[in-house]
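Colleague: Listed below, chain by chain, are the residues.
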Amino acid sequence: MQAGSGRFSRGGARMSAEPNVRTLTINGEEISARSDQSILEAAREHNVAIPTLCHLEGLSEVGACRLCLVEVKGARRLLPACVTQVQEGMEVTTHSPKIDRYRTMILELFFAERNHVCSVCVANGNCELQSLTLQLGMTHVEIPYQYPQLPVDASHPRFTVDHNRCVLCTRCVRVCSEIEGANTWGVMGRGATSLVITDLKQPWGDSETCTSCGKCVQVCPTGALFEKTSVGNKVRKHPEFLPYLRIMREGEQP
Amino acid sequence: MPRTIVIDPVTRLEGHGKITLELDEAGVVQDATFHVTQLRGFEKFCEGRPFYEMPNITARICGICPVSHLVASSKACDAILAVKIPPVAAHLRQVMNLAQLIQSHALSFFYLSSPDLLLGMDAPVEERSILHVAHSHPSIGADGVALRQFGQRIIELLAGRRIHPGWTVPGGVNEPLSAEKRDQIIGMIPAASAAIQRTLAWFKQSIEKFQAEIEVFANFPTLFMGLVDERGLAEYYDGALRFIDSEGNIIAGELNPANYADFIGEAVEPYTYMKFPYYKPLGYPGGTYRVGPLARLNLADRCDTPLADVEWREFRAMSPKPVLSSFHYHYARLIEMLHATEKIESLLADKAILDKHVRATASVNNLEGVGVAEAPRGTLIHHYKVDENGLITWANLVIATGHNNAAMNRGILQTARHYVQGEHVAEGMLNRVEAVVRTFDPCLSCSTHALGRMPLAVELRAPDGSLIREVRRG
Amino acid sequence: MSEREKAMSELKTLATVWLDGCSGCHMSLLDMDERLIELSSQFQLVYSPLVDRKTFPEMVDVTLVEGAVASEDDLKKIRRIREHTRMLVSLGDCALTGNVSAMRNTCGPQPVYLRVYEQNVVQPQVPTVGVPALLDRVRPVHEVVPVDVFVPGCPPSADTIYQVLSELLAGHVPTLEGVAHFG
Chain A
11 MQAGSGRFSR GGARMSAEPN VRTLTINGEE ISARSDQSIL EAAREHNVAI PTLCHLEGLS
71 EVGACRLCLV EVKGARRLLP ACVTQVQEGM EVTTHSPKID RYRTMILELF FAERNHVCSV
131 CVANGNCELQ SLTLQLGMTH VEIPYQYPQL PVDASHPRFT VDHNRCVLCT RCVRVCSEIE
191 GANTWGVMGR GATSLVITDL KQPWGDSETC TSCGKCVQVC PTGALFEKTS VGNKVRKHPE
251 FLPYLRIMRE GEQP
Chain B
37 MPRTIVIDPV TRLEGHGKIT LELDEAGVVQ DATFHVTQLR GFEKFCEGRP FYEMPNITAR
97 ICGICPVSHL VASSKACDAI LAVKIPPVAA HLRQVMNLAQ LIQSHALSFF YLSSPDLLLG
157 MDAPVEERSI LHVAHSHPSI GADGVALRQF GQRIIELLAG RRIHPGWTVP GGVNEPLSAE
217 KRDQIIGMIP AASAAIQRTL AWFKQSIEKF QAEIEVFANF PTLFMGLVDE RGLAEYYDGA
277 LRFIDSEGNI IAGELNPANY ADFIGEAVEP YTYMKFPYYK PLGYPGGTYR VGPLARLNLA
337 DRCDTPLADV EWREFRAMSP KPVLSSFHYH YARLIEMLHA TEKIESLLAD KAILDKHVRA
397 TASVNNLEGV GVAEAPRGTL IHHYKVDENG LITWANLVIA TGHNNAAMNR GILQTARHYV
457 QGEHVAEGML NRVEAVVRTF DPCLSCSTHA LGRMPLAVEL RAPDGSLIRE VRRG
Chain C
52 MSEREKAMSE LKTLATVWLD GCSGCHMSLL DMDERLIELS SQFQLVYSPL VDRKTFPEMV
112 DVTLVEGAVA SEDDLKKIRR IREHTRMLVS LGDCALTGNV SAMRNTCGPQ PVYLRVYEQN
172 VVQPQVPTVG VPALLDRVRP VHEVVPVDVF VPGCPPSADT IYQVLSELLA GHVPTLEGVA
232 HFG
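Residue numbers (this note's numbering), protein chains in the order written: chain A, 11 to 264; chain B, 37 to 510; chain C, 52 to 234.
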């Protein structure tokens, strides 16, 4: 089975004379999908819900959050549906007690890894991480909280980044690179010490590449990135512009 | 022989404290201590947070008076932004502040103290709760529930939620008030006003039953402090700070609240996590002062709303000088509820209360800001320092109840000396020592309700530690 | 035994406790308004900040716990409560996650003591007489004792609390998974 990041790899001799349609089963139901679709795309087209976090319509796929893990018959491990291309005859299971347990554990890991205090967060009530706790039915965290000391960078005149609330989904990195083209956001470090950074880990307000377009703020799923004037429970993010911008830039259908 | 009595926990309080009484050889109380046994740490862990988060964070200091913190905090943030907020926003914040006063006073009077006031301090332990009062005195219980609900409903209509309503923000408020909601609030006022007046009527009649308590419930000279407006009348949102002495003389007035540190200092004692604010020119502990309903009624001879003004004058007529007995905090609370109800009505009568522009926006223009307002329990001070990006570098919070700390400690000593004597310790006596603390309606929300490994017990021990006799209750 | 006493003894027993919290969850409980009085015919409130009973009873059917475990006192208390309670309910985000109470965990208690008691005060000293020491880490309740029901919210709404209490009094064990979230 193929897994990969960015746009799906289309290599392999097998692909050169392929038909456009693949037939596979999802949760026992036979469906048809385009050959270049991911399991996630195929599932959503057929109203099969798979939870996601780092995925965002209009941005490339990275498989960073692992919430979309699904079972594929014959594979030894669970596979991330967003970066796994459909194959002819695939048998996919999107929900089972085992998968649900893993998904909940992943969510708990997010909460334990950093300092998510929903009650006082600017995104309270409008947060994808918080919505996932409802979706997956998580009310408490069994994994020990880490309480890392993480910075808040408020040097930019309009925006603030609070690393305590970041889930390292890298949507900010991707939108800044793929849509705005400024490439201000990047990732440094590894594993639990990873951090999204502006330029070469300089204060955001000192960045020479940032255009202050605010796209990163709009796509951030949590309260990590927000506008300074956002307070109270009225924060709304609007990433819907993305697929449109993508089409305009690349002439591609979303 | 000398012994120690521990009252642990003190019940029907917001938060938790315990009391220790030291008795000498002759069985006379020599010392009494009120220990606040919890510490949250807000002043430290807020460092590094963006200042505009402070209202929402500091709201979590207290679930009974989050509005007080939201208002004082927002005012401190206004000062950092260096904005003058739209007048309608100031009025809307005032409405919420007053609504909270009503709800919090209703909680204190009905839910926490009414068992003592209605059933008597010596009533059986199992009857001393609001749930019992709701059965034994159903109409009073219903009034209590309704009045607390009245205050909470106003907050809910303004802010969308009752507890931790983050609608008050730096620069103003988050949303304007709609005509429908304003009308809903106005519609609730007559019933609320009637309930308060009903309560005042029966309470005033019952005062004579408590002459003994009135005499010794923290009844001594202290200074009094609070906000007043330019006319010298009670002010809950803006105004200047004023100190009066127990004779009624203004010893310091028209003080800019932003300069509070010039005249208010804080002391630490080893036996309690709560600090002791004091009036600096008189030092500690000579500069002890009281805040809250009793102080506010003493600071002004009258008020500017008609029904409450009648009550206000009647209250002040009890004494030619300031009323000194802390028992009368209960009475003052009821009058403030009436005043607040009338004030809300007059604020909502102004058409401009529906104005849409409710928030001023700016960035950091001052690296320091102080916000002061009158909370139900007294003057509340929020003081922040920020860096040029607006991250908090230092925060100082002087909590309303804290100002009364010294008076509470002196109060339990006075009460205990009167009621705790010799070897015999009656249960109702212990309740009275707790009841004097209840008059202050302290908000020790940082404190906990301790469990009895040592329940409410009086242990009489010999000098060698052996137990001679034990009286338990509960 | 009188009729009323007999009826009372058959009621479920309820206790409420607050640890390191702000009492907002208790206020939300009171925000049930007259529904609290109605519900009270179905339970005996045997221990609570609202009543004067001073000892935690031998066995309580349902205990609602608000607040995180932050001091030595909290720790002793919650262990004792767990031992004497059938159904322990963690009420609100502080009990469930630590929430705001746990914000001091990134620096620990020492900087807190220093800031509060040694700076900007007269008679600087850290209080130690008759007050419990702060734990090094503020912890959610279930990190210390097993919990039966988790109710998220800061605070949980009065409607949620009404739902939870009603179900518990009817003998069911409610779950808030998928129903309520933090914050």
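Worth flagging that the hints you see were computed from the coordinates, not collected in a lab. Incorrect hints may appear among the rest.
The following label-pair restraints were derived from C-beta to C-beta distances [unchecked claim]:
#	chain 1	residue 1	chain 2	residue 2	range
1	C	M138	B	E251	45 to 53 Å
2	C	G222	B	S382	36 to 44 Å
3	B	M37	C	R130	42 to 50 Å
4	B	D337	C	V172	44 to 52 Å
5	A	R87	C	S92	53 to 61 Å
6	B	P38	C	Q174	21 to 29 Å
Since the model is a prediction, treat every value here as computed from it, not as a measurement. Glycine included, every Cβ here is placed at the ideal spot set by N, Cα and C.
Colleague: Any of the earlier hints contradicted here, and which numbers?
Modeller: Violated hints: 2, 3 and 4; rest satisfied.
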